[in-house]
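Q: Keeping their order, the protein sequence lines are chains A and B. Once you know that position 154 of the first sequence is 154 in this note's numbering, the rest is easy, because the numbers rise by one and skip nothing. Position in the second sequence (first residue = 1) + 168 = this note's numbering.
Hint data in this document are derived by calculation from the structure and do not stem from the laboratory. Take the hints with a grain of salt, since some may be wrong.
[What the hints assert, rightly or not] If you want a taste of the chain B side facing chain A, the calculated C-beta under 7 angstroms gives, among others: (1) His524; (2) Asp527; (3) Gln534; (4) Gln535; (5) Ala538; (6) Gly542; (7) Leu580; (8) Gln583.
[Stated by the list, open to error] No more than 30 angstroms apart at the CA atoms, straight line, and that leaves these computed lysine-lysine pairs for DSS-like: (9) A:Lys31 <-> A:Lys55; (10) A:Lys31 <-> A:Lys146; (11) B:Lys203 <-> A:Lys31; (12) B:Lys581 <-> A:Lys121; (13) B:Lys581 <-> B:Lys203.
[To be verified] Computed spacing ranges between beta-carbons, pair by pair: (14) A:Gln9 <-> B:Glu251: 53 to 63 angstroms; (15) A:Pro37 <-> B:Asp336: 29 to 39 angstroms; (16) B:Asp551 <-> A:Lys121: 34 to 44 angstroms; (17) A:Gln9 <-> B:Ser289: 30 to 40 angstroms; (18) B:Gly202 <-> A:His27: 48 to 58 angstroms.
Since we're looking at a predicted model, the values are computed, not measured. Just so it is clear, CB atoms sit at the ideal spot from N, CA and C, and this is done for glycine as well.
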Amino acid sequence: MSELSDLYQEVILDHNRRPHNFRVIDHASAKQEGYNPLCGDRLTLYLTLDGDVIKDAAFQGSGCAISKASASLMTDALIGRTVTEARVLFDAFHNMITSDPSGPLADVSAEAQGAKVDLGKLSVLAGVREFPTRVKCASLAWHTMKAAVEHRTDALALDAVEGPVSTE
Amino acid sequence: MTTLAAGQSGRTAVGFDVARVRADFPSLSELVHGKPLVYLDSANTSQKPAAVIQATDDYYRHANANIHRATHLLSERATALYEGARRKAAAFLNAGDDHTIVLTKGTTDGINLVASSYGRSVLQAGDEILLTWLEHHSNIVPWQLIAEQTGAAIRVVPINDAGELDQDAYAALLSERTKIVAVGHVSNALGTINPVKAMIAQAHAVGAVVLIDGAQAAPHLPIDVKDLDCDFYVLSSHKVFGPTGTGVLYGRRALLDAMPPYQGGGDMIANVTFEKTLYNQIPYKFEAGTPNIAGVAGFGAAIDYLMGIDRDAALAHEDDVLAYATARVREIPGVRIIGEARHKTGVLSFVMEGVHPHDAGTILDQQGIAVRTGQHCAQPVMDKFCIPATIRASLAIYNNREDIDALVRGLLKVQEVFS
Numbered sequence: 001m002s003e004l005s006d007l008y009q010e011v012i013l014d015h016n017r018r019p020h021n022f023r024v025i026d027h028a029s030a031k032q033e034g035y036n037p038l039c040g041d042r043l044t045l046y047l048t049l050d051g052d053v054i055k056d057a058a059f060q061g062s063g064c065a066i067s068k069a070s071a072s073l074m075t076d077a078l079i080g081r082t083v084t085e086a087r088v089l090f091d092a093f094h095n096m097i098t099s100d101p102s103g104p105l106a107d108v109s110a111e112a113q114g115a116k117v118d119l120g121k122l123s124v125l126a127g128v129r130e131f132p133t134r135v136k137c138a139s140l141a142w143h144t145m146k147a148a149v150e151h152r153t154d155a156l157a158l159d160a161v162e163g164p165v166s167t168e
Numbered sequence: 169m170t171t172l173a174a175g176q177s178g179r180t181a182v183g184f185d186v187a188r189v190r191a192d193f194p195s196l197s198e199l200v201h202g203k204p205l206v207y208l209d210s211a212n213t214s215q216k217p218a219a220v221i222q223a224t225d226d227y228y229r230h231a232n233a234n235i236h237r238a239t240h241l242l243s244e245r246a247t248a249l250y251e252g253a254r255r256k257a258a259a260f261l262n263a264g265d266d267h268t269i270v271l272t273k274g275t276t277d278g279i280n281l282v283a284s285s286y287g288r289s290v291l292q293a294g295d296e297i298l299l300t301w302l303e304h305h306s307n308i309v310p311w312q313l314i315a316e317q318t319g320a321a322i323r324v325v326p327i328n329d330a331g332e333l334d335q336d337a338y339a340a341l342l343s344e345r346t347k348i349v350a351v352g353h354v355s356n357a358l359g360t361i362n363p364v365k366a367m368i369a370q371a372h373a374v375g376a377v378v379l380i381d382g383a384q385a386a387p388h389l390p391i392d393v394k395d396l397d398c399d400f401y402v403l404s405s406h407k408v409f410g411p412t413g414t415g416v417l418y419g420r421r422a423l424l425d426a427m428p429p430y431q432g433g434g435d436m437i438a439n440v441t442f443e444k445t446l447y448n449q450i451p452y453k454f455e456a457g458t459p460n461i462a463g464v465a466g467f468g469a470a471i472d473y474l475m476g477i478d479r480d481a482a483l484a485h486e487d488d489v490l491a492y493a494t495a496r497v498r499e500i501p502g503v504r505i506i507g508e509a510r511h512k513t514g515v516l517s518f519v520m521e522g523v524h525p526h527d528a529g530t531i532l533d534q535q536g537i538a539v540r541t542g543q544h545c546a547q548p549v550m551d552k553f554c555i556p557a558t559i560r561a562s563l564a565i566y567n568n569r570e571d572i573d574a575l576v577r578g579l580l581k582v583q584e585v586f587s
């Protein structure tokens, strides 16, 4: 049976109380809204890019502990990485939180090493996989990030993805 | 209905045996995460008594055939079950005439039917549809769709800080431009009971037609459409202890007769040629295609179940549990109750300082306690109170004070995790 302490680890509760990078970036290279209509979680993600490198990442918004901690940890992890690495990190993180809870946790860090990406601290969110109703909370910031970097690199799609990202 | 002051009176219901009622609902004996289920989500959907489960099973075992279409015995049985449920629904609402009862897929379907059929045929640019800030999305969006197509405008009755409709604003918003008033009998997000009888009379005085969304009222309050004098009343089977996927639209006979069909298909026609199709009489005109016969059979059993209990005593019992819940939850430090209308039924919505409702919902679930957390399909209500979501404990006839004690213990555990 899933345990509450698997989900609400001390690190997650800390990030909920004092989220990192919880601020606005003026003149961000990419700004994207994410919204989960199911629970009302809303966030705005800001990225500063220097070429292909994410120099700064920050967010604002309101949400549950899981979505806030996930955004906090994600922005920490993004700073200093390339957009390609951020995409690999997205896949690794998504695999981790959606993997079958009855099986062993996939060695996502090793899998992602090819792109020099290690989930590191993000693995505290692995417990989410045992709570299917909360996967969308943990993935909201990540889907928002993915949309934000796609905005930047695909000028043609800019108008089409102006609206908020939804995980529904 | 309850008043908040009743919480202190310690009034208890006589003549209502909640233990016996609980024994009628098999799912209440479920273990959830190894803990006894405490079901406080009946405004979302109710649990089903054994009689309802039996009735759907019986249909498939002994009467499975299509209705109105065949000469064989099983079809006769199926038709008898289906039309029997319609008669029961007519009695349940005191509609009098069975033909004014349209069997639908549920409340949402009923509202869409009225918006599409009645709304589209009467509304013109400049006309107004009057809604309220308390409405469920399903009593907002169908009207927006029709407003877009017809050029009608939507006006909205505001609410006060207690979560009650502003009746002065309502009176001021009504005018000869108001063609339709659509209002919930009871708010799903806050539990507010709206004074619909008076509101209907005021709307009629300016010539407007009134639809009452009774989804949240029917499980708690006796409904009398003649006494209310409403034009349309809609409800869902699954909120009144029946199966999902069916419900009722009551409509005033003259209105239903004049309305064009909503969907075309089998059973809704009298004669079909490529030149011209003649529609069936009401209510069949609005019942195209093979319906949810098993669901309707179960719905009939649910109405029998509800009409077989002392509803005044059941309501007094529910009022007692709601007043008790309000008083107990209010005692928890950092809790703010959302919606403190003088007249409420069935719903206790609240927020906890420092804890997002979604986190509270997961921690409560781990203790076997089922509540709903989120916007409750009522985003305007959340916006009014400047909150993203609430924790909603909602009650039915089978809940008792022990359920509330479990909820309070659960909420203290939530605070412990987030301390």
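Q: Each hint should be assessed against the structure and marked as holding or not.
A: Hints versus structure:
no.: 1; hint: His524; result: holds, 4 angstroms
no.: 2; hint: Asp527; result: holds, 5 angstroms
no.: 3; hint: Gln534; result: holds, 5 angstroms
no.: 4; hint: Gln535; result: violated, 9 angstroms
no.: 5; hint: Ala538; result: violated, 12 angstroms
no.: 6; hint: Gly542; result: holds, 5 angstroms
no.: 7; hint: Leu580; result: violated, 14 angstroms
no.: 8; hint: Gln583; result: violated, 12 angstroms
no.: 9; hint: A:Lys31 <-> A:Lys55; result: holds, 14 angstroms
no.: 10; hint: A:Lys31 <-> A:Lys146; result: holds, 11 angstroms
no.: 11; hint: B:Lys203 <-> A:Lys31; result: violated, 45 angstroms
no.: 12; hint: B:Lys581 <-> A:Lys121; result: holds, 27 angstroms
no.: 13; hint: B:Lys581 <-> B:Lys203; result: holds, 15 angstroms
no.: 14; hint: A:Gln9 <-> B:Glu251: 53 to 63 angstroms; result: holds, 58 angstroms
no.: 15; hint: A:Pro37 <-> B:Asp336: 29 to 39 angstroms; result: holds, 33 angstroms
no.: 16; hint: B:Asp551 <-> A:Lys121: 34 to 44 angstroms; result: holds, 35 angstroms
no.: 17; hint: A:Gln9 <-> B:Ser289: 30 to 40 angstroms; result: violated, 59 angstroms
no.: 18; hint: B:Gly202 <-> A:His27: 48 to 58 angstroms; result: holds, 53 angstroms
The structure fails to meet hints 4, 5, 7, 8, 11 and 17 from the earlier list, while all remaining hints are met.
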